[in-house]
Amino acid sequence: MLITAAQQPPGHICLRGVSKSYDGETFIVRDLDLDIEKGEFLTLLGPSGSGKTTTLMMLAGFEYPTSGSIAFDGQAMHDRPPEKRDIGMVFQNYALFPHMSVAENVGYSLRVRGVDKAERDRRVADALRMVQLEQFAERKPAAMSGGQQQRVALARALVFEPRLVLMDEPLGALDKKLREDLQLEIRHIADKLDLTVVYVTHDQSEALTMSDRIAIFNDGKIQQIGTARDIYIRPANRFVASFVGDNNCLCAQVIAIDGDVVRARLPGGAVVSARQTQHARIGAAATISVRPEDLHFCGGEAEGVVKGRVCDVVYYGDQLRTHVELSDGALVVIKSSPGAAHAGTQVGAPVFLSWNAGQAWVLDPKQANQ
Amino acid sequence: MTMTQKTYSDLPAVVRLPLYGFAAVILALLIVPLAAALPIAFNAEPWFRYPLSGFSWRWFEQLLSSPLWRSAVVNSLIIAATTTVLATALGTLAAVALVNPRFRYRNAVMALAISPMVVPVVVLGLGLFICFSPLGLNYTYLGVVLAHTVLATPFVVVTVTATLTRFDFRLMQAAANLGAGKVMAFRTVMLPIISPGVAAGAVFAFAASFDEVVMVLFIAGPDQRTLPKQMFTGLREQLDPTIIAAAGLMIVLTGLLLAVLRFSTKKR
Ligand SMILES: Nc1ncnc2c1ncn2[C@@H]1O[C@H](COP(=O)(O)OP(=O)(O)OP(=O)(O)O)[C@@H](O)[C@H]1O
Ligand SMILES: [Mg+2]
Numbered sequence: 001m002l003i004t005a006a007q008q009p010p011g012h013i014c015l016r017g018v019s020k021s022y023d024g025e026t027f028i029v030r031d032l033d034l035d036i037e038k039g040e041f042l043t044l045l046g047p048s049g050s051g052k053t054t055t056l057m058m059l060a061g062f063e064y065p066t067s068g069s070i071a072f073d074g075q076a077m078h079d080r081p082p083e084k085r086d087i088g089m090v091f092q093n094y095a096l097f098p099h100m101s102v103a104e105n106v107g108y109s110l111r112v113r114g115v116d117k118a119e120r121d122r123r124v125a126d127a128l129r130m131v132q133l134e135q136f137a138e139r140k141p142a143a144m145s146g147g148q149q150q151r152v153a154l155a156r157a158l159v160f161e162p163r164l165v166l167m168d169e170p171l172g173a174l175d176k177k178l179r180e181d182l183q184l185e186i187r188h189i190a191d192k193l194d195l196t197v198v199y200v201t202h203d204q205s206e207a208l209t210m211s212d213r214i215a216i217f218n219d220g221k222i223q224q225i226g227t228a229r230d231i232y233i234r235p236a237n238r239f240v241a242s243f244v245g246d247n248n249c250l251c252a253q254v255i256a257i258d259g260d261v262v263r264a265r266l267p268g269g270a271v272v273s274a275r276q277t278q279h280a281r282i283g284a285a286a287t288i289s290v291r292p293e294d295l296h297f298c299g300g301e302a303e304g305v306v307k308g309r310v311c312d313v314v315y316y317g318d319q320l321r322t323h324v325e326l327s328d329g330a331l332v333v334i335k336s337s338p339g340a341a342h343a344g345t346q347v348g349a350p351v352f353l354s355w356n357a358g359q360a361w362v363l364d365p366k367q368a369n370q
Numbered sequence: 001m002t003m004t005q006k007t008y009s010d011l012p013a014v015v016r017l018p019l020y021g022f023a024a025v026i027l028a029l030l031i032v033p034l035a036a037a038l039p040i041a042f043n044a045e046p047w048f049r050y051p052l053s054g055f056s057w058r059w060f061e062q063l064l065s066s067p068l069w070r071s072a073v074v075n076s077l078i079i080a081a082t083t084t085v086l087a088t089a090l091g092t093l094a095a096v097a098l099v100n101p102r103f104r105y106r107n108a109v110m111a112l113a114i115s116p117m118v119v120p121v122v123v124l125g126l127g128l129f130i131c132f133s134p135l136g137l138n139y140t141y142l143g144v145v146l147a148h149t150v151l152a153t154p155f156v157v158v159t160v161t162a163t164l165t166r167f168d169f170r171l172m173q174a175a176a177n178l179g180a181g182k183v184m185a186f187r188t189v190m191l192p193i194i195s196p197g198v199a200a201g202a203v204f205a206f207a208a209s210f211d212e213v214v215m216v217l218f219i220a221g222p223d224q225r226t227l228p229k230q231m232f233t234g235l236r237e238q239l240d241p242t243i244i245a246a247a248g249l250m251i252v253l254t255g256l257l258l259a260v261l262r263f264s265t266k267k268r
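In order, the protein sequences belong to chains A and B.
Just so we're aligned: 304 in this note's numbering is position 304 of the first sequence, and the numbers increase by one with no gaps anywhere.
Just so we're aligned: 66 in this note's numbering is position 66 of the second sequence, and the numbers increase by one with no gaps anywhere.
If you're looking for bench data, these hints aren't it; they were derived computationally from the structure.
Bear in mind that the values here come from a model prediction, so they are computed numbers and not experimental data.
Even for Gly, the Cβ is constructed at its ideal location relative to N, Cα and C.
Do not take every clue at face value.
[Claimed, not checked] Here are a few chain B residues that face chain A, going by a calculated C-beta distance under 7 Å:
| id | residue |
| --- | --- |
| 1 | I78 |
| 2 | A81 |
| 3 | T82 |
| 4 | L86 |
| 5 | R170 |
| 6 | L171 |
| 7 | Q173 |
| 8 | A174 |
| 9 | A176 |
| 10 | A180 |
| 11 | M190 |
| 12 | L191 |
| 13 | P196 |
| 14 | A199 |
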């Protein structure tokens, strides 16, 4: 659903039909429509080369769209130079000015805007306090750790109160522990200052924990946009189902649509059910996706039950993952708690699996290149 | 296994001694001519010959008191300083364009920009003389400065380009993102970071102009007589050790500039 200009609340950012091609032939970003609300934390998540950085660069003004429009509060933005956009950016390598102290780095945006010295010092001190670096104001960036440099970059991008903050894998170079601390810190600051943030990552758990909404990118297109929960529970297509979290994607043929429930035949002959979606067409190929935690073992052959053979059991401490080969050769994973029935199943043993029709989805069929 | 770095002293003598000998010959080639010529500046008698007949400052006094020599020193300083400013500005701007991958003709322009380093100066001098004639630039300070700028700019282009290849251009994106226009970003971010390269280029530009004689022979009139020109005339007309004293002055001045450069870049 597109919102008309009149309805837009202030701070709204709107991309319409944005495409980008560097060579005039291959499109890196295709026909992108995206609305970003004031105060929203939006994450762009997708595999390498899917066009996330390119989208960010077009927002920042370092690249211009080949076609389409970008507007802030209804004002056209796409042909404005970066220095006139009032957007803060945290670069992946931080891009701190090596010849300036931490305070000079943070105060740079205020200096070029002609803010007077007293006001500047005050705002720089506030920004440094926010990222807990007050005592490092006079240091050069080279004398700081990666995590500290990251915080300086954050303070520098926020001190001039930009209307939008862009972050391109800002935590990519840090170790896991520090990354998790900074994820919380960034999210906390974003909430406190009511920032509008577009955040790029290819780390799923980072996207799931930090974002208000996630846009899943693939092949220059948004595959699905929504809250972490929406995307996890109700993937819109086969790509999203297999990209976000673990998922079992089974090839099947739709044989009946009965209200909200679709019945489909697996290559091995079993007839299973799943929730109806726009992808279901009687007689057509489809994908049935079921999360590993939604698969159950059951006693024996019955309606909707799939037969297979255990090929591996992996113990993860708090959970058990059983890998099962179905009679048609497809591989599925079942997540269960170690104490559950069937937990002691031997490798090679025959098992029967079933799922609740409400927890499986009918999605688009597997393409030749997947 | 020891991890010590191998040094030359670890090499066997058969390899080591010829290597040392070779290095000594090359260094001698650089130093001996200077060592042979410079002491004559302190000769008490007007002869170019050893042994010296006594120590004296008379040729340095001559250099600074004779109106001809003194105006030559002043001319050289004025022309070299102006050339340095022009060549440094032009060369730095050219280098910034030449490292930009989006500049399509960068290879062609680079070749053109450094061509004065390879084209014989006599040819350039003659060409400039012909071009300057209708413009009335021959026999003027401006003409000499422009001619020297042509020769000196490539030195700046080469040193600044070398520095810029190590410059992280994302810093310019960061500056733009923080609200700095192109000129502001250049002045506050790029220039301070590449300043050692710019300063080195400026010293080379100064030296290129300060000891240049061929262009001066073509373009300069009697009013723009520079130190090298005066030395040349001196060689033909009245040969005395003032020439060597002048050479000593040039070496000291250029050496001082290099020392200042070293000092200022070390401090950073
Ligand atoms: N300046 C450029 N010129 C030509 N092609 C480019 C340029 N920048 C990016 N590309 C191409 O555009 C495609 C998308 O790049 P982009 O950087 O947007 O991907 P990404 O989603 O950010 O990936 P990653 O997760 O690896 O950072 C890539 O195939 C890349 O090769
Ligand atoms: Mg990227």
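(message) Hint validation: B/I78 versus chain A, beta carbon distance must be below 7 Å. Holds or violated?
(response) With a closest approach of 33 Å, the B/I78 hint is violated.
(message) Restraint: B/A174 near chain A, CB-CB cut 7 Å. Satisfied or not?
(response) Since chain A brings a Cβ to about 4 Å from B/A174, closer than 7 Å, the hint holds.
(request) Closer than 7 Å between Cβ atoms is the bar; does B/A180 clear it against chain A? Give me holds or violated. (result) 4 Å, holds
(message) Interface hint check: B/Q173, Cβ to nearest Cβ on chain A, cutoff 7 Å. Holds or violated?
(response) B/Q173 check passes; min Cβ-Cβ to chain A is 6 Å, inside 7 Å.
(message) Restraint: B/L86 near chain A, CB-CB cut 7 Å. Satisfied or not?
(response) 26 Å, violated
(request) May I ask you to test the interface hint for B/R170 with respect to chain A, counting a Cβ-Cβ separation under 7 Å as satisfied? (result) Where the cut-off is 7 Å and the nearest Cβ of chain A is about 5 Å from B/R170, the hint holds.
(message) Quick check on B/A81 please, does its C-beta sit within 7 Å of some C-beta on chain A?
(response) 27 Å, violated
(request) Classify the hint on B/M190 as holds or violated, based on whether any CB of chain A lies nearer than 7 Å to its CB. (result) Violated - the Cβ of B/M190 stays beyond 7 Å from chain A, reaching only about 10 Å at its closest.
(message) The hint names B/A199 as touching chain A; please verify it with the least Cβ-Cβ distance against 7 Å.
(response) 14 Å, violated
(request) Mind checking the CB of B/L171 against every CB in chain A and telling me if the closest is under 7 Å? (result) Since chain A brings a Cβ to about 6 Å from B/L171, closer than 7 Å, the hint holds.
(message) Next item in the hint list is B/A176. Is there a CB on chain A closer than 7 Å to its CB?
(response) 4 Å, holds
(request) Verify the interface restraint on B/P196: the C-beta must sit less than 7 Å from at least one C-beta of chain A. (result) 11 Å, violated
The structure fails to meet hints 1, 2, 3, 4, 11, 12, 13, 14 from the earlier list, while all remaining hints are met.
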